[in-house]
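Protein chains in written order, with this note's numbering: chain A, 1 to 126; chain B, 1 to 362.
Don't read these hints as lab results, they were simulated from the structure.
Check the hints yourself; a few may be wrong.
Claimed, not checked - Below are the DSSO-like pairs computed for lysine-lysine, each with C-alpha atoms no more than 27 Å apart in a straight line:
#1 344/B / 289/B
#2 303/B / 278/B
#3 104/A / 303/B
#4 287/B / 258/B
#5 289/B / 102/A
#6 174/B / 82/B
#7 261/B / 280/B
#8 280/B / 319/B
#9 344/B / 102/A
#10 120/B / 65/B
#11 352/B / 362/B
#12 344/B / 104/A
#13 120/B / 102/A
#14 343/B / 287/B
#15 120/B / 4/B
What the hints assert, rightly or not - Here are some, though not all, of the chain B residues that point toward chain A, as calculated from beta-carbon distances under 8 Å:
#16 33
#17 34
#18 35
#19 183
#20 228
#21 289
#22 290
#23 293
#24 295
#25 312
#26 313
Unchecked claim - Just a sample of chain A residues kept apart from chain B, beta carbon distances all over 10 Å, derived:
#27 13
#28 22
#29 38
#30 43
#31 48
#32 52
#33 59
#34 61
#35 78
#36 82
#37 93
#38 107
#39 111
#40 113
Just so it is clear, the structure is predicted and the values come from calculations on it, not from any experiment.
Note that beta-carbon positions come from the ideal geometry of N, C-alpha and C, so glycine has one too.
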Amino acid sequence: MSTILEGLRYAESHEYVKVEGEFGYVGITDYAQHELGNVVYVDMPDVDDEVTAGEDFGAVESVKAASDLISPVSGVVVEVNEALNDSPELVNSDPYANWIIKVKLSDPSEADALMDAAAYKAFINE
Amino acid sequence: MENKRTCLYDKHVALGALISPFGGFDMPIQYSNIVDEHNAVRQACGVFDVSHMGEVLVTGAESEKFVNHIFTNDVTGAPDGKIYYGMMCHPSGGVVDDLLVYKMAPQRYFLVINASNIDKDVAWIMEHAKAFDVVVEHQSDKYGEVAVQGPKTEEIIERVLGIPCKELAFYTCKELEYNGETIIISRTGYTGEDGFELYGSHAFTNEVWDKLLASGEVKPCGLGCRDTLRFEVGLPLYGDELTDDITPLEAGLGIFVKLEKDFIGKEALAAQKSEGLKRKIVGIELKDKAIPRHGYEVEADGKVVGVVTTGYNSISTGKSVCMAMVDIEYAKLDTEVAVRIRKKVFPGVVTKKRFYDKNYKK
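Excised from the complex, chain A in its bound form (with noise of 0.2 Å):
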């Protein structure tokens, strides 16, 4: 049974995005870190660059594939997680607090076109 975080925004490639202010955090599902497996490395974009919702900005892989990031959200990218790429592992035993990048947003409202917890318990079908 995956965690979801009531709150967050989903997208249906299994990004968050947890909006604070004018700033989004995004990072990877519970669910999509076990479907991923153990997470071996995490390929972040650097900070000042642009992130456009339904754009890859990154992929997280696994021992046996590499999975494209795709931003929920569009906007400047002001943080990356360092501490993902010495432990990329902690993708996996915390997703929701270990986001991967934070964006300063140019359309916060933009989130609430995602899913919302609910509607992505449904789409995850658990």
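The hints should help you fit chain B onto chain A, whose structure is shown.
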């Protein structure tokens, strides 16, 4: 087309395995996770269902001559119980398949081939057998096979299965009676660790699987870690390091090619050897942890000079490494090359293609 299932399929499902297609079969990729399964084999003991592998029996007056004709290694005068690794090649020198040949007894050879190539290989073997006084029997459906691998395997097989195996040397086999049937056990594997492979009926295979798991000392392991294990010790996988278009010499497997005898593909391989290789499979170690994967391009001097055949973040060493087919000018040890991974280019250096030392008991 519907995928085939091995005789252990229901057991995999019951264990909650992640099942994926491989070589025409629905196979278990992992039960728990690849890292734990990989480490179990390096440190203790794991069991793999490898019943998808194909088996072909060659018998008859000209069986030695025939096997030598289709096989790059030399089985002339082989003692009973000896096993040889080698390839079947096209006249071009490209590889039809890599395989094990078990010399079971006089005029009796047991060939173990890759699941993904069973149809191609059987057709190839049958076609070439026409000119020889041999009988070829395709026995893939008759046999189940498990590979039991890891440093504790020998002791566990003797104690848990009651099958004596201590005296078997590396790359040898024997037949023995077990519950009224003749089974085959060999000291072989595909992990770089000591271990054995057991061939027998579907009932035997199920019994061995159940007994090993019931002991609590043997971890069920999927094809996911089978690949990471074989990769770390530089063993090739057909489809990655060997194909119809890659020769054994390009793959660095020249010691299994005996050019002093005749076999299909010999002329092309002898010519390739005398002219010198134009490309070769090497190891590459990246400085970063980004993972080079099959098909990614290798770059140097501002151009593409090769392609990754297999790559991982090595579970045993933590380094991002790959095997790659590169132009010969870039194949020397310590040559600086780079691998393009998505949008970035990651620098690395050419290494040996053995990233972890084998731990065979010879």
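Hints that the structure is at odds with (numbers, increasing): Going through the list in order, the structure violates hints 3, 4, 13, 19, 24, 29, 30, 33, 34 and respects the others.
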